[in-house]
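As a plain string of letters, each chain reads:
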Amino acid sequence: MSSVYINDLCVRFRVYENVPGEISPDGAGVFTHRSRSRRWVEALSGISLQLADGQRLGIIGRNGSGKSTLLKVIAGLLPASKGIVNIEGQVSSLIDIAHGMRIEATGERNILLRGMIAGLSKREAEARISSIAAFAELGDYIKMPVRTYSSGMAMRLNFSIATAFNPDILIVDEWIGAGDRAFQTKARARMQELVDASGALILASHDLDLVERLADRVLWLDAGRAKALGNAKDVIASYREAVDG
Amino acid sequence: MRENPLGWFCPAYFEFGDMSLVSNSLHSAQNTGIVRRFRTAGVDVVSGFLRHELWTSLAQDDLRQRYRRTVFGLAWLTLSYFIFILAKIFIFGALNPAPLAWFAAYVTVGFLVWQIINSFVVDGATSLVNSETWVKGVQLPYSTYFYESISRDLIIFGHSAVVAGIVLVFTGHIPGWAALSVIPGLLLLVLNGLFLHMLLGVICLRYRDIVQVVQTVMRVLFFLTPLVWTADQVGPIADYLVWNPFTYLIDIVRAPLIDNHIPVSSWMVSLGLTTVLGLASFSLFAVFRNRIAFWY
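Note that the protein sequences, when read in sequence, are chains V and E. This note's numbering applies: residue 1 is where the first sequence begins, and numbers increase by one. This note's numbering applies: residue 1001 is where the second sequence begins, and numbers increase by one.
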């Protein structure tokens, strides 16, 4: 059982850095002022969307348009500045490889910790170690500290953990760098399995072909606002048109 | 705004194994009423505590990492405390008129308690700052990071306490009945530890200069607290000791162990301080909880 309901979501960041300037890149969140001395960046404004069981949402848009911020809000890592966010179901997120990993601890230990973070007891998490390690195909590296891993290996471990505890909602940000070709095929199959098990998938990516293949609905973000939300093919087509001219 | 289906404040909700429901309700819209803020902060503190398997494991990892590839590992904690305390006893014992056996117990126990309070303060100040990758990467109640830091401090405390136990026996301070009051005394210290984490963790995350202020103040306070000297040694300065809150917190653990008596007035002051600190820190945590993620 999973559902995502977002209504009129706003997220703004106070700018603490004392640097002058008002210009933000094209398509990225814009500076706002609420008083003379305080600057804010309007990362997201007026976002509304709904997602039910088994739906797959793709998020596209230029750098800084708010894709990751939106994913973080859905993952519960950032609070909304305004609006309603209602998430039902167990969320698992693959937003940043470095976050949520102890690079000094072994792969096995990380599986254990993340299992407990996902809400399992220590014993339950221990029971899952071998199957997750097998999926990540790290061999005896699983007993080595994560800092000795290549970035592809770390990503493989992270992906295996994130998808292992049967999340109802899987959130993925630019995951396409996950491991080598062989692992990518496997990863795609695992994602498909999760979606088929009537979970929801939310994916932010610049790879439009990938988004088109995996998502049935697409949200196009521009400067923190929803420029379009709808059928994947249509939105991607109009995005392509706007970007390529 | 999400409604908690089980009503107001219900820790049992967390036993359903679906932590994300809870965590998400902990991260909802910012501009909400004060009652709801206090309620979510309460849920945060309780649900964080219920994850004891997680934060004890994290604390163990922290320490293992610190002593990685050493031969003695965590035994270094005991060893270095022993050597440190030995030096203190001989130098300050020579300056003190009291019998050396009593003074040795006084310094060892006093410094043990000082060490745990000091680490609650200093680690409390950096607990949220240092958890950046976790706060940004996984959804957990913020209090999890407080408990992690506290249990790390308690593990260190346990290793030093071995030395204190040996010194007490060695100097003929066999614990009497009054020593039983040490247990509630330590529990009160840990409670203060949680409050210090809530208060300083949040303040220092927003104003990073306070971390430096806290560290400097604690370094000065070490000399202004009766640890390596006794009140009768310093003459009129002793009158100012009433303004040092740490004097009372140390007294409630030290006096029963070395003098076999329960200091009632220190207990009263300590309970009063804990109440004030508790109200202040919980209010601060409740009001600013939703901004924490934006302060990194």
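To be clear, the hints were calculated from the coordinates, so they are not data collected in a lab. Built from N, CA and C at the ideal position, the CB exists for glycine as well. Careful, some of the hints might be misleading.
Using 20 Å as the maximum straight-line C-alpha spacing, the simulated SDA-like pairs for lysine to any residue come out as follows [what the hints assert, rightly or not]:
(1) V:K82 / E:V1287
(2) V:K82 / V:H99
(3) V:K122 / V:D96
(4) E:K1136 / V:R12
(5) V:K82 / V:R39
(6) E:K1136 / V:M155
(7) E:K1136 / V:D173
(8) V:K82 / V:Q50
(9) V:K122 / E:T1056
(10) V:K143 / E:D1061
(11) V:K143 / E:R1069
(12) E:K1136 / V:V15
(13) E:K1136 / V:V41
(14) V:K233 / V:E212
(15) E:K1136 / V:R213
(16) V:K143 / V:S131
(17) E:K1136 / V:H99
(18) V:K143 / V:A127
(19) V:K143 / E:F1049
(20) E:K1136 / V:R102
(21) V:K186 / V:R213
(22) V:K143 / V:I129
(23) V:K186 / V:S130
(24) V:K122 / E:E1053
(25) V:K122 / E:Y1067
(26) V:K122 / E:A1059
Covered stretches of chain E, as calculated for chain V (at least 3 residues, CB under 8 Å) [claimed, not checked]:
(27) 1043–1055
(28) 1133–1141
Those earlier numbered hints the structure runs against, lowest number first = When the structure is compared with the hints, numbers 2, 3, 15, 19, 25 turn out to be violated.
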